[in-house]
Amino acid sequence: MGRRSALLLVAPAVLVIGVFMLIPMFIALGYSFMTANPYGGVQAPMTFDAYIQFLYQRDFDDSMVFAPDYIFIILRSITLAVATTVICLVLGLPVAWYIVCQNEARRRLLLFLITLPFWINTLIRTYCWILILRDEGLANNLLRWLGLTEKPLPLLYTDGSILLGLVYTFLPFMVLPIYSTLERIDPRLIEAAYDLYASRVAVFRRVIWPLAKPGALAGATLVFAPALGSFLAPDLLGGGKKLLIGSLIQMQFTSSRNWPFGAALSIAITAVILLVMMLRAWQAPRREVRL
Amino acid sequence: MSRVRHFDWRHTPGLAPLTVAILAFLYAPLLILVVYAFNASRMVTIWQGFSLQWFVAIAHNGDIRSAAENSLIVAVAATIASTLIATAGALSLERGRLPFGQGLVGGLVAMPLVVPEIVVAITTLVFFSALGMHNGLFNLMTAHTVFCIPFALLPIQARLRDMGGTLEEAGRDLYASEWMLFRRITLPLLAPAIGSGAIMAFVISLDDFLISMMVSSAGSTTLPVYVYGMMRLGVTPEVNAISTILLAISLVFVTSALLLGRKRRAT
Numbered sequence: 014m015g016r017r018s019a020l021l022l023v024a025p026a027v028l029v030i031g032v033f034m035l036i037p038m039f040i041a042l043g044y045s046f047m048t049a050n051p052y053g054g055v056q057a058p059m060t061f062d063a064y065i066q067f068l069y070q071r072d073f074d075d076s077m078v079f080a081p082d083y084i085f086i087i088l089r090s091i092t093l094a095v096a097t098t099v100i101c102l103v104l105g106l107p108v109a110w111y112i113v114c115q116n117e118a119r120r121r122l123l124l125f126l127i128t129l130p131f132w133i134n135t136l137i138r139t140y141c142w143i144l145i146l147r148d149e150g151l152a153n154n155l156l157r158w159l160g161l162t163e164k165p166l167p168l169l170y171t172d173g174s175i176l177l178g179l180v181y182t183f184l185p186f187m188v189l190p191i192y193s194t195l196e197r198i199d200p201r202l203i204e205a206a207y208d209l210y211a212s213r214v215a216v217f218r219r220v221i222w223p224l225a226k227p228g229a230l231a232g233a234t235l236v237f238a239p240a241l242g243s244f245l246a247p248d249l250l251g252g253g254k255k256l257l258i259g260s261l262i263q264m265q266f267t268s269s270r271n272w273p274f275g276a277a278l279s280i281a282i283t284a285v286i287l288l289v290m291m292l293r294a295w296q297a298p299r300r301e302v303r304l
Numbered sequence: 251m252s253r254v255r256h257f258d259w260r261h262t263p264g265l266a267p268l269t270v271a272i273l274a275f276l277y278a279p280l281l282i283l284v285v286y287a288f289n290a291s292r293m294v295t296i297w298q299g300f301s302l303q304w305f306v307a308i309a310h311n312g313d314i315r316s317a318a319e320n321s322l323i324v325a326v327a328a329t330i331a332s333t334l335i336a337t338a339g340a341l342s343l344e345r346g347r348l349p350f351g352q353g354l355v356g357g358l359v360a361m362p363l364v365v366p367e368i369v370v371a372i373t374t375l376v377f378f379s380a381l382g383m384h385n386g387l388f389n390l391m392t393a394h395t396v397f398c399i400p401f402a403l404l405p406i407q408a409r410l411r412d413m414g415g416t417l418e419e420a421g422r423d424l425y426a427s428e429w430m431l432f433r434r435i436t437l438p439l440l441a442p443a444i445g446s447g448a449i450m451a452f453v454i455s456l457d458d459f460l461i462s463m464m465v466s467s468a469g470s471t472t473l474p475v476y477v478y479g480m481m482r483l484g485v486t487p488e489v490n491a492i493s494t495i496l497l498a499i500s501l502v503f504v505t506s507a508l509l510l511g512r513k514r515r516a517t
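Heads up: the protein sequence lines correspond to chains D and Z, in order. Residues in the first sequence are numbered from 14 upward in steps of one, following our numbering. Residues in the second sequence are numbered from 251 upward in steps of one, following our numbering.
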């Protein structure tokens, strides 16, 4: 294939994604420096108000008051995303290792079962937990039937239910990359370690974990990024009362009609995610040198 | 000749039950949804016998029907466009040699996978409004095409890599033109992967909620956006039934795509 045909063939993909995704990001960056139009959209003049709003609130007499509400929402979102990542890692790593240890046919079946939920509508997967967790839901009915509680426990609309929904949504993202790095492991390494009287724990710490680490890092990025910007789990399972950054952004474009602030928030989380990915890229070569 | 130490490293105690528990965690909620969808009682959680009445109610709901039509129109258009774009792109990335920025192009094409959905949703909204484009259905088709490209691209690119270039080189040695090579060798071998890429794109488009919610306008509501509206109003048997239908559609399509992918390995 000549260079010209190579260029011609890839041009549609580059153009479509460039025009409809990359350029919109820059437009959003521009919007974040504009003034909000109360009817939606933006207007002149250019300001930094949207970014100042992260920390300060403009009072009626035009003085700035320190208002940490938004920073708390951002910190809460980051905390929940980190917690989701950690839980997914703790649950996903053993599962990935278990799959690696199976024969070909069972591996294929297990991988299929882990992958399948990824393709099922997140809206519906999240909704299932409302059926289970609400006051008249399955969990509360079960607890009452067992006589463990008189009144229904408030299971839904808590930080716990949001976290549960996030882990449920993103767990496959952690298992798959860890599996694909562990799959290439050389069994002789483990046998050698056992021959040298390493315990199970030592084998895990000194052989399996170092080899699983690149996959775990990839999985952590794949879980953290969408969890940080997630909308459905906080909205449906958190009841929309406890805001997270995803719903906060969505609100700016619907009920609150503050497009510049919404754009600034989007820029902020994109920046956080880019930073995380750059840290990963920066760590990766160092690890290879050590090997 | 006695081996004192237990040597079977492939067997770690406790991992099998943990994996079973995780799979139960992943699938039990879906099963519960399906069971409730067939429950005759309006009080969702109390079982009062098997019934199909909620599915009948869904079939007679005009709003759901028109939302389903919108979803189908958008998904079909986005599938065709993204599969064509992805096939060309995969050929170029795997077989061609770009004069510049091969890595950059790969990164750009993977962008819809990395950027959080909410950011894609609002930047797309901002873009269409900045250009004054208000045709909901057309905007949806465009937005869906963009995020379907990487999903269609992945299986096609993987297949091209697996295939290797030997057959194409053999053809080239026999003086086949580039077009003939593509028609007679690459395309027939690539067809199952293109099929599975197209199905993936279709499912991703059909399932999309967040981007559709921000981009669609009054007349162009898609099915997931409509269902979300129903969910906000509360748990009803109708929501369970329509969710079960969406679940079944995803399962059927994805299973067939993965089976197509498996056939690829057999050849």
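Simulated from the structure, these hints should not be mistaken for laboratory data. Heads up, the beta-carbon is just placed ideally off N, CA and C, and yes, glycines get one too. Be aware that one or more of the hints could be misleading.
As the list claims (entries may be wrong) - Partial list, computed: chain D residues near chain Z (C-beta under 7 Å):
{"#": "1", "residue": "P37"}
{"#": "2", "residue": "F61"}
{"#": "3", "residue": "Y64"}
{"#": "4", "residue": "I203"}
{"#": "5", "residue": "A205"}
{"#": "6", "residue": "P223"}
Claimed, not checked - Counterexamples of contact, computed for chain Z against chain D with all Cβ distances above 10 Å:
{"#": "7", "residue": "Y286"}
{"#": "8", "residue": "R315"}
{"#": "9", "residue": "L404"}
{"#": "10", "residue": "T416"}
{"#": "11", "residue": "P474"}
Taking the numbered hints from earlier one at a time, note which ones the structure violates and give those numbers from smallest to largest. 2, 3, 5, 6, 7, 11
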